[in-house]
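K.L.:
Spelled out, the chains give:
Protein chains: 2
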Amino acid sequence: MDDAAPHDPTLHEVGELEALRRFLPLLPAGDATDVGPGDDAAVVRAGDGRFVVTTDTMLEGADFRLGWSTWHDLGWKAVATNLIDVAAMGARPTSLVVALAVAPSTRVSALEGFARGLADAVAAMAPGCGVVGGDLGTAPHATVAVTAFGDLEGRAPVLRSGARATDAVWLVGRVGAAAAGLRHLFAQAQDEAAVPVAAAVERLRAGARGAVLEAQLAPVTPIGAGTLLADLGATAMLDVSDGLALDAARVARASGVRIALERAGVEAAAADVLADGAAPDAALEAALHGGEDHALLVTLPDGVRPPAELAGHRVHRIGRVEPLAAGDAPGVTLDGGAVEPRGWDPYRAVEL
Amino acid sequence: MDDAAPHDPTLHEVGELEALRRFLPLLPAGDATDVGPGDDAAVVRAGDGRFVVTTDTMLEGADFRLGWSTWHDLGWKAVATNLIDVAAMGARPTSLVVALAVAPSTRVSALEGFARGLADAVAAMAPGCGVVGGDLGTAPHATVAVTAFGDLEGRAPVLRSGARATDAVWLVGRVGAAAAGLRHLFAQAQDEAAVPVAAAVERLRAGARGAVLEAQLAPVTPIGAGTLLADLGATAMLDVSDGLALDAARVARASGVRIALERAGVEAAAADVLADGAAPDAALEAALHGGEDHALLVTLPDGVRPPAELAGHRVHRIGRVEPLAAGDAPGVTLDGGAVEPRGWDPYRAVEL
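Residue numbers (our numbering), protein chains in the order written: chain D, 230 to 581; chain W, 230 to 581.
Fair warning: there could be bad hints in the mix.
Label pairs and their calculated CB-CB ranges [to be verified]:
| no. | chain 1 | residue 1 | chain 2 | residue 2 | range |
| --- | --- | --- | --- | --- | --- |
| 1 | D | G357 | W | D277 | 14 to 24 Å |
| 2 | W | A422 | D | D260 | 47 to 57 Å |
| 3 | W | D237 | D | G439 | 17 to 27 Å |
| 4 | D | A353 | W | S390 | 47 to 57 Å |
| 5 | D | E247 | W | T395 | 17 to 27 Å |
| 6 | D | V426 | W | A508 | 56 to 66 Å |
| 7 | W | R571 | D | P369 | 19 to 29 Å |
| 8 | D | A352 | W | A385 | 50 to 60 Å |
| 9 | D | A435 | W | R393 | 36 to 46 Å |
| 10 | W | F415 | D | E569 | 37 to 47 Å |
Sample of chain D residues with no beta-carbon within 10 Å of chain W, all distances over it, derived [unchecked claim]:
| no. | residue |
| --- | --- |
| 11 | V326 |
| 12 | A328 |
| 13 | L381 |
| 14 | L388 |
| 15 | D420 |
| 16 | A422 |
| 17 | E443 |
| 18 | E491 |
| 19 | P509 |
| 20 | A554 |
| 21 | P559 |
Simulated from the structure, these hints should not be mistaken for laboratory data.
Heads up, the beta-carbon is just placed ideally off N, CA and C, and yes, glycines get one too.
Take these sequences, add in the hints, and give me the full structure.
P.N.:
Next comes the structure, spelled out in structure tokens:
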């Protein structure tokens with residue numbers, strides 16, 4: 230231990246109460262919070278008499294690696310990837326609860342970094358949103374379970390099922406970048422035994438690969454665009470988390486239509502991957518099938534033209550909605566050719 | 230494999246879509262659900278313009294063992310232990326979301342059992358409540374993350390901080406039983422290598438130990454009593470999950486009072502432990518320091534006398550609230566003698 234550095238104790242050394250005493254003050258309180266952390270439950274205002282709710286769990290190993298992600302990244306990503314699901318309904322995020330389970334050997338500074346990541350992400354992407362409750366526990370592999378809430382403020386929720394055959398298809402945000410970042414991590418940030426090398430990650434993030442690395446490790450997602458798109462008349466909307474082809478197919482199926490993507494538009498939304506040095510075909514591949522970018526896929530009535538930028542994110546027209554001919558199944562095309570969605574199945578990705 | 234039995238496939242064999250196809254129809258829809266599972270997020274009605282929210286994670290190893298609990302038990306317990314936190318605020322549970330992560334080798338029938346446990350518990354303890362969303366994932370150790378919601382229906386939330394020096398202290402439900410059940414499991418339901426023996430659990434549950442075993446594995450908690458107690462004028466209320474002494478100390482601290490417990494009342498609430506054969510001192514010990522019973526500890530104005538039974542659970546007067554003399558710290562006494570709360574600290578229970 231460095232004599233000059235203050236001792237950074239483990240959770241086992243300080244115990245739960247002291248850990249909470251350091252963790253809770255770092256969290257954003259939230260504008261809609263009536264009762265925050267500390268009682269059996271929290272109380273959150275829901276102005277329009279409904280609330281939007283979504284839940285997601287990130288597990289060490291399956292969803293992140295601690296040698297690649299910092300604790301600040303994990304807090305940030307938990308906010309960025311959960312509140313975008315709230316936004317995709319056309320709601321304004323009001324609050325979230327966070328359950329964190331880690332090994333007792335985890336440093337208190339890690340917990341503080343996680344809390345600061347939550348707070349910084351909320352400040353950047355959803356100011357006014359609060360962390361109203363949570364749960365600390367132990368697990369051999371770190372587990373982050375987030376449930377997020379939003380207020381529709383009188384709007385009808387924007388579902389996946391509302392796309393109409395005359396709509397245009399737009400994308401707010403980008404596609405392919407997070408997958409490109411992950412590829413760099415696998416190629417350049419682990420040793421021969423597949424152990425993450427943190428120093429290599431730092432070098433990658435600071436260098437020319439920075440944009441796609443950040444897209445994977447600490448993405449800025451277009452949370453603020455959700456209500457704006459709903460107010461523009463969005464007929465269907467979803468968060469592109471599993472790949473554009475697969476998520477577009479979900480809209481197609483739910484709405485009973487064909488989503489006709491146009492390569493030029495998709496490539497424009499994949500500009501970061503091209504700028505990262507990918508060949509056009511590889512960039513298109515990442516754009517169609519790479520997940521985790523959390524752009525908003527939205528269908529808007531034909532005459533509606535959104536601004537070129539919404540809530541700080543580029544807006545691209547990437548195609549149109551087409552009717553199904555009799556006997557046709559809902560699906561996705563690119564410049565007229567069928568695109569086969571590639572599923573991500575958590576139970577099949579692992580060989581037994 | 231038995232030729233007569235149908236094949237019970239694993240999640241790896243059927244994949245996520247088929248698993249969801251079997252899982253989702255078993256879940257209760259809920260009376261307050263506007264948009265249920267299947268979109269980016271759910272939409273739940275919150276009649277009075279606020280909602281109550283609590284979250285908790287159960288982890289295999291730290292919180293349950295699959296050789297002791299069935300999957301039906303886990304679903305049941307997830308409902309019983311989370312909705313009681315909603316009830317302890319004086320709210321009616323409306324909905325919950327459930328994130329479940331399990332090994333890909335898990336059988337589909339396990340997932341179905343878990344869903345039926347959720348549904349049966351809701352039907353028994355909170356009819357009208359719905360499972361509105363969730364998340365399926367993989368983890369080497371099973372992880373159940375539940376977030377539960379409630380409607381205050383115009384009531385002020387009942388906090389821990391409202392107990393007044395003239396109030397009486399009541400308990401709805403029982404104490405000590407879950408700890409007694411756990412003791413039997415450790416003593417009689419594992420082999421020399423500490424591996425759970427499922428057949429021994431079945432024998433224990435069917436026998437004279439049944440009541441305390443059920444209290445540990447599939448508790449019936451007084452969820453329906455929460456709103457009734459709030460309407461009777463409860464000044465403070467909480468769910469007794471970490472032991473009566475510790476949880477009473479939380480009310481004492483938050484309210485700035487002393488909680489003076491009376492042995493006769495506490496023993497009455499521990500009748501199941503006495504009936505299970507424990508000596509009086511051991512029963513008192515379990516009652517004061519055994520956790521996981523999820524009774525409601527409530528303070529009511531002195532003149533208010535609740536019925537002997539609320540929502541099917543016995544009601545016991547277990548003490549009174551006393552003012553603090555100058556210089557006294559908030560705390561808990563039993564028949565006038567100080568009771569030291571024993572903390573359960575997840576980060577210190579594990580030796581490193």
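K.L.:
Is it correct that the beta-carbon of E443(D) has no partner in chain W closer than or equal to 10 Å?
P.N.:
E443(D) clear of chain W: closest Cβ-Cβ about 23 Å, beyond 10 Å.
K.L.:
Evaluate the condition: distance from the CB of L381(D) to the nearest CB of chain W exceeds 10 Å.
P.N.:
violated, 7 Å
K.L.:
Is it true that F415(W) and E569(D) lie within 37 to 47 Å of each other by Cβ?
P.N.:
violated, 53 Å
K.L.:
Is it the case that L388(D) keeps its Cβ farther than 10 Å from each residue Cβ in chain W?
P.N.:
Since the minimum Cβ distance to chain W is about 5 Å, L388(D) lies within 10 Å and the statement is violated.
K.L.:
Do A422(W) and D260(D) keep their Cβ atoms within the hinted range of 47 to 57 Å?
P.N.:
holds, 54 Å
K.L.:
Do A435(D) and R393(W) keep their Cβ atoms within the hinted range of 36 to 46 Å?
P.N.:
Violated, at about 59 Å.
K.L.:
Take a quick look at P509(D) and tell me if its Cβ sits farther than 10 Å from every Cβ on chain W, holds or violated.
P.N.:
holds, 31 Å
K.L.:
How does the Cβ-Cβ distance of G357(D) and D277(W) compare with 14 to 24 Å: does it lie in that range?
P.N.:
Since the Cβ atoms of G357(D) and D277(W) sit about 21 Å apart, the hinted range of 14 to 24 Å holds.
K.L.:
Can the suggested window of 17 to 27 Å be confirmed for the beta-carbon pair E247(D) and T395(W)?
P.N.:
violated, 35 Å
K.L.:
Verify this label for me: P559(D) is non-interface relative to chain W, using a Cβ-Cβ cutoff of 10 Å.
P.N.:
holds, 15 Å
K.L.:
Is the Cβ of D420(D) farther than 10 Å from every Cβ of chain W?
P.N.:
holds, 23 Å
K.L.:
Regarding the assertion that E491(D) does not contact chain W, is the least Cβ-Cβ distance greater than 10 Å?
P.N.:
Answer for E491(D): holds, closest chain W Cβ roughly 24 Å.
Violated hints, listed in ascending order, are 3, 4, 5, 8, 9, 10, 11, 12, 13 and 14; each of the other numbered hints is respected by the structure.
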